[in-house]
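Take a look at the letters that make up each chain.
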Amino acid sequence: GIQVEQSPPDLILQEGAISTLRCNFSDSVNNLQWFHQNPWGQLINLFYIPSGTKQNGRLSATTVATERYSLLYISSSQTTDSGVYFCAVLPNTNAGKSTFGDGTTLTVKP
Amino acid sequence: DTGVSQDPRHKITKRGQNVTFRCDPISEHNRLYWYRQTLGQGPEFLTYFQNEAQLEKSRLLSDRFSAERPKGSFSTLEIQRTEQGDSAMYLCASSPSLRTGNYEQYFGPGTRLTVT
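Chains U and P, in that order, give the protein sequences. Residue numbers for the first sequence, in the numbering used here: 74 to 183. Residue numbers for the second sequence, in the numbering used here: 188 to 303.
Careful, some of the hints might be misleading.
Listed next, the stretches of chain U that the computed footprint assigns to chain P, with coverage defined by at least 3 CB atoms under 8 Å from CB atoms of chain P [what the hints assert, rightly or not]:
| # | region |
| --- | --- |
| 1 | 154-163 |
| 2 | 169-175 |
Quick partial rundown of chain P residues pointing at chain U, CB under 7 Å, derived from the structure [stated by the list, open to error]:
| # | residue |
| --- | --- |
| 3 | GLN228 |
| 4 | GLY229 |
| 5 | PRO230 |
| 6 | TYR235 |
| 7 | LEU242 |
| 8 | GLU243 |
| 9 | PHE252 |
| 10 | PHE261 |
| 11 | MET276 |
| 12 | GLU291 |
| 13 | PHE294 |
| 14 | PRO296 |
| 15 | GLY297 |
Hints were generated in silico from the structure; no laboratory data involved. Here a beta-carbon is modelled for each residue, glycine too, at the ideal position from N, C-alpha and C.
Using the sequences and the accompanying hints, generate a full structural model.
Here you go:
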């Protein structure tokens, strides 16, 4: 099956810095999503981005499907951005079975 | 639209007991998914439905696990003869109609299972 690798596993930054999270995947995909998991376990949708670039406030994401990676940027990071970020992909070969990476744990220090 | 809901939010059970979880998807979403998440890991796919049809089951879903979506609306996930290794967060998600080509998944709050 498709492999999804997120890097770095842990990211510690000062408030105001730019966070860059990466998601690599091993096969062609027709869906890619970024999520933030809150402390209670709820997965919050950030972006649905099979290809191209999207922006939402301080967050933006870029997926280069031909090179099999996606990047999530958080500009001017705040302490409230801390938490675990996941990417999930849906391969072209199986339109129902999503595969998640193991996440990046972001800690923003004041 | 109230989002995906799951019940119960927490369940503590003794080893060997049966448990059943319920998921109510966003209305008119015809795909429904179940995942399991253990500490420090990303969610792992268990199974998914398109309307009432169960289209795929992971090898993680042993014979003790069964899922149903009888009328294409809510779904149940049952675990028989629970084991301590079943302790995890069980997540449900739904996604819109295939006709739109939109596979964006929306997750419920999860059911946290503890087997003692």
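Original post:
Which hints, by number, does the structure contradict?
Top reply: 9 and 10
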